[in-house]
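A.B. asks: Heads up: the sequence lines are chains G and W, in that order. Per this note's numbering, residue 1 is the first one in the first sequence, and the count goes up by one each step. Per this note's numbering, residue 1 is the first one in the second sequence, and the count goes up by one each step.
In short, the hints are calculated from the structure, not lab data. Among these hints, one or two may not hold up.
Unchecked claim - In silico DSS-like links for lysine-lysine, alpha-carbon gap of 30 Å or less:
{"id": "1", "chain 1": "G", "residue 1": "K118", "chain 2": "G", "residue 2": "K77"}
{"id": "2", "chain 1": "W", "residue 1": "K106", "chain 2": "G", "residue 2": "K87"}
{"id": "3", "chain 1": "G", "residue 1": "K118", "chain 2": "W", "residue 2": "K134"}
{"id": "4", "chain 1": "G", "residue 1": "K94", "chain 2": "W", "residue 2": "K134"}
To be verified - Just so you have them, the derived chain G footprint on chain W, three or more residues with Cβ under 8 Å:
{"id": "5", "segment": "176-184"}
{"id": "6", "segment": "192-205"}
The beta-carbon is built from N, C-alpha and C at its ideal position, and this holds for glycine as well.
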Amino acid sequence: MKDIKVNVKDLSVFYGTNMALNKISMEIPEKKVTAFIGPSGCGKSTFLRTLNRMNDLIDNVRIEGEVWMDDIDIYHKDVDVVNLRKKVGMIFQKSNPFAKSIYENIAYGPKINGISQKQKLDEIVELSLKQAAIWDEVKDRLHDSALGLSGGQQQRICIARTLAVNPDIILMDEPASALDPISTAHVEALIHELKKYYTIIIVTHNMQQAARTSDLTAFFYLGELVEMDKTRTIFTNPAKKQTEDYISGRFG
Amino acid sequence: MKRTTKDIVVKSLTGMSVLLILFVIVAILTVTFIGGWSHLSWEFLTEFPKEGMTKGGIFPAVVGTAVMTLIMTLVAVPFGAITAIYLAEYASERSILAKTIRFAVKTLAVVPSIIFGLFGLGFFIKFVGFNADKLLFAGELHWGQPNILWASLTMALLTLPIVIVSVEESIRTVPREVREASLALGATKWQTIRQVVLPGSITGILTGTILAISRGAGEVAPILFTGAAYYLAELPTSLSDQFMSLGYHIYIMSTQSTNVDETLPIQFATTLVLLLLTFSLSLVAVVLRYRIRKKVK
Numbered sequence: 001m002k003d004i005k006v007n008v009k010d011l012s013v014f015y016g017t018n019m020a021l022n023k024i025s026m027e028i029p030e031k032k033v034t035a036f037i038g039p040s041g042c043g044k045s046t047f048l049r050t051l052n053r054m055n056d057l058i059d060n061v062r063i064e065g066e067v068w069m070d071d072i073d074i075y076h077k078d079v080d081v082v083n084l085r086k087k088v089g090m091i092f093q094k095s096n097p098f099a100k101s102i103y104e105n106i107a108y109g110p111k112i113n114g115i116s117q118k119q120k121l122d123e124i125v126e127l128s129l130k131q132a133a134i135w136d137e138v139k140d141r142l143h144d145s146a147l148g149l150s151g152g153q154q155q156r157i158c159i160a161r162t163l164a165v166n167p168d169i170i171l172m173d174e175p176a177s178a179l180d181p182i183s184t185a186h187v188e189a190l191i192h193e194l195k196k197y198y199t200i201i202i203v204t205h206n207m208q209q210a211a212r213t214s215d216l217t218a219f220f221y222l223g224e225l226v227e228m229d230k231t232r233t234i235f236t237n238p239a240k241k242q243t244e245d246y247i248s249g250r251f252g
Numbered sequence: 001m002k003r004t005t006k007d008i009v010v011k012s013l014t015g016m017s018v019l020l021i022l023f024v025i026v027a028i029l030t031v032t033f034i035g036g037w038s039h040l041s042w043e044f045l046t047e048f049p050k051e052g053m054t055k056g057g058i059f060p061a062v063v064g065t066a067v068m069t070l071i072m073t074l075v076a077v078p079f080g081a082i083t084a085i086y087l088a089e090y091a092s093e094r095s096i097l098a099k100t101i102r103f104a105v106k107t108l109a110v111v112p113s114i115i116f117g118l119f120g121l122g123f124f125i126k127f128v129g130f131n132a133d134k135l136l137f138a139g140e141l142h143w144g145q146p147n148i149l150w151a152s153l154t155m156a157l158l159t160l161p162i163v164i165v166s167v168e169e170s171i172r173t174v175p176r177e178v179r180e181a182s183l184a185l186g187a188t189k190w191q192t193i194r195q196v197v198l199p200g201s202i203t204g205i206l207t208g209t210i211l212a213i214s215r216g217a218g219e220v221a222p223i224l225f226t227g228a229a230y231y232l233a234e235l236p237t238s239l240s241d242q243f244m245s246l247g248y249h250i251y252i253m254s255t256q257s258t259n260v261d262e263t264l265p266i267q268f269a270t271t272l273v274l275l276l277l278t279f280s281l282s283l284v285a286v287v288l289r290y291r292i293r294k295k296v297k
């Protein structure tokens with residue numbers, strides 16, 4: 001296996017007195033796609049959101065354990081959450097472009113990072129849209145509202161917007177669950193392309209999607225990490241019976 | 001059969017309520033227009049009242065209302081918007097401070113306007129003004145009397161709940177996902193509020209502002225004791241001057257008039273001006289909202 005990008009040690013998450021995740025430990029390799037699967041409420045999305053500290057926004061949440069990215073424990077008290085989120089981008093289940101033009105959506109991240117030169121912004125916008133494979137569809141209407149695009153296009157705009165801040169890691173929370181099959185295929189092809197440059201972690205309900213897009217798969221159940229292995233192994237020869245039952249559709 | 005009867009009853013009841021409301025609006029507008037339209041002229045708007053207010057125009061009342069409304073807006077909107085941002089974005093659901101503010105806002109909204117007037121008299125004039133005079137002017141009367149500043153501030157207190165509620169509501173209409181998108185890009189909370197949340201709720205902020213303005217422009221009770229004057233021969237030149245206001249002018253013309261026949265058309269025309277003013281403000285609100293909606297689609 002290649003270099004480890006994220007190293008999670010004994011991570012537990014509580015909502016009030018409810019335990020959502022129980023002592024999760026895992027290693028996520030660099031420039032690979034890692035998929036999290038499991039039934040609803042198993043904690044996979046919660047786990048994803050601990051990786052860019054999005055759970056911090058929720059009242060009454062308590063997090064224990066360590067999450068190392070490169071050589072930093074992101075839950076250490078000296079860590080600047082804002083900087084962390086610049087390095088760990090996130091794509092959401094429902095596409096959520098800002099009520100701004102396509103151009104302004106992409107330029108938003110670079111601008112808050114202090115880039116104001118028009119030429120530089122133009123470059124970033126074009127490059128990001130190209131990387132997200134949507135440049136050809138929108139290049140003639142960059143200054144139209146992003147809300148006028150289709151759901152699939154909006155989701156790729158959101159991916160481009162994340163790429164524009166140049167993160168190391170991209171978290172995807174069921175990025176294709178609200179999309180039609182063709183848009184889903186676009187997004188999956190994109191994931192395949194992006195893993196050359198980025199470490200990608202994807203939560204999905206769709207087992208075929210996990211099988212198609214990921215290199216490694218982790219199966220979560222009731223807040224526990226049941227097992228994690230190469231995707232092929234998980235889908236053909238899982239070590240635990242629970243995993244086998246789930247992927248063969250016997251529960252979940 | 002029974003269901004259709006019920007349908008008919010409900011339909012006619014709702015229809016009648018609509019007609020009743022329309023009737024009231026049409027009646028007010030018709031009466032005011034018929035009584036006031038012929039008296040309305042450029043001179044009426046730009047001249048001072050003459051001959052014991054039985055002739056002439058309403059210029060000082062128009063100016064007074066405009067200036068008072070402007071100062072009120074400059075105070076109420078920033079204060080209200082900042083409070084609303086705190087309530088919607090920073091306060092946690094269980095925060096005691098936030099609960100207290102919400103309770104205060106609700107209570108303020110139902111306090112009768114005359115009480116605001118008394119509060120303004122007691123607090124701004126008797127307490128703040130009087131003590132300011134004592135400190136700055138050795139007791140000589142400058143601020144310890146009714147003036148346009150105290151009246152505007154009192155009116156700002158009255159309109160504050162309207163601003164807070166409408167701004168908070170519109171801030172809350174901005175979806176959580178959009179905020180999260182901004183935060184996930186490494187924006188700080190303030191950057192998110194400033195660049196995503198506030199632009200997304202600008203419609204509500206404008207609506208709240210305009211609602212507050214049209215409320216403030218028409219209110220009389222809060223300014224009775226705090227700054228409105230019966231008659232002034234000159235326009236106010238400083239914040240410590242008294243002023244004339246359209247609403248108060250209507251009240252005076254209809255209760256204190258020396259010659260009812262002469263002042264009746266003036267009353268109608270003044271009422272018409274006040275109505276047109278508040279209506280056109282609402283119209284501006286509608287147009288602004290439409291434009292902004294169209295822009296963001």
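A.B. asks: For K118(G) and K77(G), compute the direct alpha-carbon distance and say whether it is at most 30 Å.
C.D. replies: With a Cα-Cα distance of about 36 Å, the restraint between K118(G) and K77(G) is violated, given a limit of 30 Å.
A.B. asks: Tell me if the straight-line CA distance from K106(W) to K87(G) falls inside 30 Å.
C.D. replies: The given pair, whose Cα atoms are some 44 Å apart, is violated under the 30 Å limit.
A.B. asks: Would the hint linking K118(G) and K134(W) be met if the CA-CA limit is 30 Å?
C.D. replies: 57 Å, violated
A.B. asks: Verify this for me: three or more residues of the segment 176-184 of chain W with a beta carbon less than 8 Å from a beta carbon of chain G.
C.D. replies: That given contact holds, which follows from 7 residues of the segment 176-184 of chain W lying within Cβ reach (below 8 Å) of chain G.
A.B. asks: Taking 8 Å as the C-beta cutoff, is the stated coverage of the segment 192-205 of chain W by chain G satisfied by three or more residues?
C.D. replies: With 4 residues close enough to chain G, the hint holds.
A.B. asks: With a cut-off of 30 Å on the C-alpha distance, tell me whether K94(G) and K134(W) pass.
C.D. replies: Cα-Cα ~63 Å, so violated.
Taken one by one, the earlier hints fail for this structure at numbers 1, 2, 3 and 4, listed in ascending order.
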